[in-house]
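Chain by chain, the residues run as shown.
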Amino acid sequence: MNKMNDFTSQKDLSNAKPVSLRFSGTDEQMAAGIKHGHPGAMEALFNRYAAHVERIVNRLLGVDTESADVVQDIFVAAFSNIHGLKDDSAIKGWLTSLAVFTVRQRIRKRVRRRVHWIYDVDVNETEYQPVKPSDRELLRLTYQVLDAMPTDERITFSLRFIEGMEITEVADVCSVSPSTVKRRQRRAEKKFLALSRRFPALIEQIERGDRWRNQ
Amino acid sequence: MNLQRQKLTAFGKHIGAIEDGILASDSCLNDVKKQLSFMATDYSKPRRRPYRIVLGVAAALVTAILLVFFLRDESITAEYNGQALTGGNWISSNDAARATIHFSDGAMVSLEGRSRIRINQMHKNGAHLLLEAGKIKLNVPHRAQTAWRIDVGPYIIQVIGTRFSVAWDGDVESMELRMTEGVVSVSGPMITGHKEVRSGERLAISTQTGRLEFLTNNSPTTSMSEEPAILAEPSAVEKDNSASIEQPTENNSDERSSHRQMQHPPPLKKWKSAAEAGRYAESVRLATAAGISRILASADGADLLLLGDAARHSGNISLAQKAYRTTYQRFSGSGFSSNAAFALGVIAFDRTADYGTAIKWFSEIVKSKRNKSHLHREACGRLMESYNRLGNNSLARKTAQQYISLYPNGPHHLLAEQILTP
Chain H
1 MNKMNDFTSQ
11 KDLSNAKPVS
21 LRFSGTDEQM
31 AAGIKHGHPG
41 AMEALFNRYA
51 AHVERIVNRL
61 LGVDTESADV
71 VQDIFVAAFS
81 NIHGLKDDSA
91 IKGWLTSLAV
101 FTVRQRIRKR
111 VRRRVHWIYD
121 VDVNETEYQP
131 VKPSDRELLR
141 LTYQVLDAMP
151 TDERITFSLR
161 FIEGMEITEV
171 ADVCSVSPST
181 VKRRQRRAEK
191 KFLALSRRFP
201 ALIEQIERGD
211 RWRNQ
Chain F
1 MNLQRQKLTA
11 FGKHIGAIED
21 GILASDSCLN
31 DVKKQLSFMA
41 TDYSKPRRRP
51 YRIVLGVAAA
61 LVTAILLVFF
71 LRDESITAEY
81 NGQALTGGNW
91 ISSNDAARAT
101 IHFSDGAMVS
111 LEGRSRIRIN
121 QMHKNGAHLL
131 LEAGKIKLNV
141 PHRAQTAWRI
151 DVGPYIIQVI
161 GTRFSVAWDG
171 DVESMELRMT
181 EGVVSVSGPM
191 ITGHKEVRSG
201 ERLAISTQTG
211 RLEFLTNNSP
221 TTSMSEEPAI
231 LAEPSAVEKD
241 NSASIEQPTE
251 NNSDERSSHR
261 QMQHPPPLKK
271 WKSAAEAGRY
281 AESVRLATAA
291 GISRILASAD
301 GADLLLLGDA
311 ARHSGNISLA
321 QKAYRTTYQR
331 FSGSGFSSNA
341 AFALGVIAFD
351 RTADYGTAIK
361 WFSEIVKSKR
371 NKSHLHREAC
381 GRLMESYNRL
391 GNNSLARKTA
401 QQYISLYPNG
411 PHHLLAEQIL
421 TP
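Listed in order, the protein sequences are those of chains H and F.
Under our numbering, the letters of the first sequence match residues 1 to 215, in that order.
Under our numbering, the letters of the second sequence match residues 1 to 422, in that order.
Hints are supplied without guarantee of correctness; some may be wrong.
What the hints assert, rightly or not - Below, a list of computed lysine to aspartate or glutamate pairs in the EDC-like style, where the Cα atoms sit at most 20 Å apart:
{"id": "1", "chain 1": "H", "residue 1": "Lys-191", "chain 2": "F", "residue 2": "Glu-417"}
{"id": "2", "chain 1": "H", "residue 1": "Lys-190", "chain 2": "H", "residue 2": "Asp-147"}
{"id": "3", "chain 1": "H", "residue 1": "Lys-132", "chain 2": "F", "residue 2": "Glu-276"}
{"id": "4", "chain 1": "F", "residue 1": "Lys-13", "chain 2": "H", "residue 2": "Glu-204"}
{"id": "5", "chain 1": "H", "residue 1": "Lys-132", "chain 2": "F", "residue 2": "Asp-309"}
Note that these hints are calculated values from the structure, not bench results.
These numbers were taken from a predicted model, which means no experiment stands behind them.
Next comes chain H alone, as it looks inside the complex:
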């Protein structure tokens, strides 16, 4: 029996509920699918870009137990406000902008509430494959320094140096001009180095420069 006969009828397909369909398509098709309520498209957005969003969140906040809440908030915002996306093909950049704005708000709230986020404990609360204690200490010190920096400079530093974004990319996701990014970067470099001098272990690692490649 030709199984294809079961699915070739246009009438059958038009009555079929799309709920169980897995979505596949370009970013533009996916964004359009979400706008029209295709549940597979929403899940596809998550499957396609959740790892990217999680990485951006962790670059900006550090590996943190708050990350799950933040990632969830970003996707809830994306699903709820997809109609604000004008260029469907630019959904990845739009999602990255949402991530940066969400984390920015989170960082500013932390500063206002004077909550002291202890990076060491947050990292250690997760069960993950062992990270060398020296690497863990390095991460802790790095984010302790970043916590002491102004929010915009901290975000610029993380996106430029830790995530490795180009200046134009940072400008796009932060919705500022490239010259503003350059200004913030200059201030961020100066501030990061000045604050790092409080921690000899950290400044020593920075001074080692590209000798990291051989580690």
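Fit chain F to the known structure of chain H by using the hints.
Quick look at chain F alone, frame taken from chain H:
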């Protein structure tokens, strides 16, 4: 690119690589995906009557994004006895007075007996609480976006709408969760992945004795010491769960074998090997199975410090503190004792910003007069920093002067100079 920027670029890449290594094995995405509902119709709002936007495309997008984050800044609020609560507040009750906290999303948290909780954070979909000791009852209304979290010792309970009670005894490291209505997801030591606990079910775990009980009906007379360790057959509910309950031993092949192993715990040395290899979570599990009390009573100073470090690095802060305090008491006056005091000071400083307690521990080392040792130098620096953070300027200046005289080129010398600058 100038040299300084080159170095920062290389440094940043290294930090990114470390983070990527962590995320590769400990991503939060599975948990997030479970919380999101891709079938929910309230996300999508198909425009039946599209209308023209007069503003330019760029201005409209920026406006939409700004509005989203302005409106989404709202979080739930909480009040207790007519007073508004904020993130970071501790609330406690005693035998005479029960405490009930009311949240703006309709949730209620009641503290029973001598209990103490902390509101870590409130957000628009719920709150993140820490149960430090005692017992609480929660009633959280279910909504599509409800996302509450309760930290109970090393356990995490994710709540999406339910009524239940949970108790934590830090001295014996035991948790008991009784579900009245709804379902919660529990993760932590002795549980693989997540364990869902539903209405009418009870989960009781003691990481210290290695005992875990999961019962499908609540009996008011049931207690951990009376009940058998594990049900022989998984219940229908357990079979539906994607996660499984991990036996507190290395051999999970069958229940009788596991029960034998609980009567004859693994040798004490296995937890040490795991700790020395950097497998901290595994080390704590093995130490728990071997019997924490046995280890605390019999191990030498080096092993106790190792246990404390393994516990601290795997996030079990209460066990870490217990191990360090035992070291400090049993080996008083020795180098082990000083190292334990330093570790306790670091936990107080870094973990809870409890600078008063940190001062107490760092002072123990400073006054021991083991000058010029690495530990003494670090303790002096941290002591100065603690006084500075507490705002005790006179003692901060005094310790800064001592630090500069003893360690003019030490890692805290810049801070000392800053404190001494008028």
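Pair hint Lys-132(H) and Asp-309(F), alpha-carbon separation not exceeding 20 Å: 13 Å, holds
Proposed proximity, Glu-204(H) with Lys-13(F) (alpha carbon, max 20 Å): Holds, at about 16 Å.
Proposed proximity, Asp-147(H) with Lys-190(H) (alpha carbon, max 20 Å): 15 Å, holds
Restraint check for Lys-132(H) with Glu-276(F), where alpha carbons must lie at most 20 Å apart: The hint holds at about 12 Å.
Lys-191(H) paired with Glu-417(F) [C-alpha distance capped at 20 Å]: At roughly 18 Å apart (the allowed maximum being 20 Å), Glu-417(F) and Lys-191(H) satisfy the hint.
This entry satisfies every hint, going by the numbered hints stated previously.
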